[in-house]
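Visitor: Here are the chains, one letter per residue:
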Amino acid sequence: MNASFRAGLRAGVPYAAAGFLLSLSFGVLAREAGMSAVAAIVMSAIVFAGSAQFAAISIVAAGGGFGPAVAAGALMNSRFLPMGIALAPSLPGGPLWRAAQGQGVVDSSWALSARGDGTFDRAFLFGSTAPQYVTWLLGTVTGALAGDVLGDPDRLGLDAIYPTFFLALLIVELRNGARAQQAAALGAALALALVSVTPAGVPVLVASLAALVGLRDGTDDAGDPDGAQETAA
Amino acid sequence: MSDGQFWQIIAALALVTAIIKAAGPIALGGRTLPRWFANVVRYMAPALLAALVCVSALADGERLAVGADTAGVAVAGIALWRGASVIVGVLLAAAVTALLRAI
Chain G
1 MNASFRAGLR AGVPYAAAGF LLSLSFGVLA REAGMSAVAA IVMSAIVFAG SAQFAAISIV
61 AAGGGFGPAV AAGALMNSRF LPMGIALAPS LPGGPLWRAA QGQGVVDSSW ALSARGDGTF
121 DRAFLFGSTA PQYVTWLLGT VTGALAGDVL GDPDRLGLDA IYPTFFLALL IVELRNGARA
181 QQAAALGAAL ALALVSVTPA GVPVLVASLA ALVGLRDGTD DAGDPDGAQE TAA
Chain Y
1 MSDGQFWQII AALALVTAII KAAGPIALGG RTLPRWFANV VRYMAPALLA ALVCVSALAD
61 GERLAVGADT AGVAVAGIAL WRGASVIVGV LLAAAVTALL RAI
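Protein chains in written order, with our numbering: chain G, 1 to 233; chain Y, 1 to 103.
No lab work stands behind these hints: they were computed from the structure. Do not take every clue at face value.
[Claimed, not checked] Some chain Y residues judged to face chain G by a derived CB distance under 10 Å, without partners named:
| id | residue |
| --- | --- |
| 1 | I10 |
| 2 | A18 |
| 3 | L28 |
| 4 | F37 |
| 5 | A50 |
| 6 | A76 |
| 7 | A94 |
| 8 | A102 |
| 9 | I103 |
[Claimed, not checked] Among the chain Y residues that face chain G by a calculated CB cut under 8 Å, a handful are:
| id | residue |
| --- | --- |
| 10 | D3 |
| 11 | K21 |
| 12 | W36 |
| 13 | A45 |
| 14 | A47 |
| 15 | L52 |
| 16 | A57 |
| 17 | R63 |
| 18 | A65 |
| 19 | A95 |
Think of the CB as a built atom: it goes at the ideal place given N, C-alpha and C, for glycine as much as any other residue.
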């Protein structure tokens with residue numbers, strides 16, 4: 001176990017704690033949608049993607065069937081496509097080994113392991129995913145088995161956890177300078193413009209196009225020397 | 001919905017997710033990245049994260065809606081910006097949201 005992996009573990013722990021609460025609310029909602037406790041737990045174990053799991057469950061709860069539920073979950077996870085493309089050059093080995101390593105990506109580990117120069121610290125990524133996988137399972141088990149005691153997850157405000165989880169990651173990125181803030185503003189605007197006209201999941205996928213602001217000339221803006229002229233998105 | 005249908009959804013979603021996560025690494029792995037690629041990649045995180053935050057805090061299904069959870073996330077955002085840890089942030093967001101719904 002190298003130093004990067006251990007640093008990743010440490011960085012992942014707060015997100016793992018937040019993920020526990022998130023997956024707990026998933027476990028409760030999955031039971032409410034009619035899923036057995038075992039099915040909910042297996043889903044967290046082999047899908048391991050919060051937004052897709054919530055999307056699929058909410059469609060089932062609303063009366064939707066196999067096709068819509070899987071499509072919604074797949075669209076939610078479509079953001080892992082650009083993430084995987086970004087990560088690819090940082091993964092060593094043959095195609096199958098790279099594909100296996102790519103399974104270790106979750107939003108927070110991907111964002112936290114970016115070195116800021118377009119490359120990723122692979123050991124750090126696996127290290128930060130590991131505790132999040134463990135608590136994702138533990139939270140689901142707790143929610144699926146003890147959901148009756150907890151009652152309505154919305155009443156406890158658990159639905160506010162998911163956006164806040166991503167906001168914490170976003171704020172780290174926003175401190176990197178004006179160009180990052182520009183990409184964020186553009187990504188948010190694109191997504192919000194599409195929410196009411198496309199299926200769920202599409203807005204976030206399309207928002208990845210905002211990263212094209214990186215094609216504009218100019219070098220590292222981490223020190224933000226030219227922030228004044230770059231504030232307009 | 002029957003148990004069998006749930007298992008079909010779970011299996012299909014697990015498979016699709018694995019394929020999505022594998023696609024980039026299979027197609028593009030093991031190369032040195034051109035400069036323009038690196039420049040785009042470094043701004044993907046803020047773009048995707050901002051979109052996720054806005055959609056999850058503001059969208060209710062396919063329409064925009066400001067609710068108690070939006071307020072909870074906003075309060076947590078201020079705390080996070082001032083240096084609070086992510087676990088403090090999420091607990092604060094849940095607490096504010098629950099409080100607003102209770103009154």
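Visitor: Hint numbers the structure violates, sorted upward?
Guide: Going through the list in order, the structure violates hints 9, 18 and respects the others.
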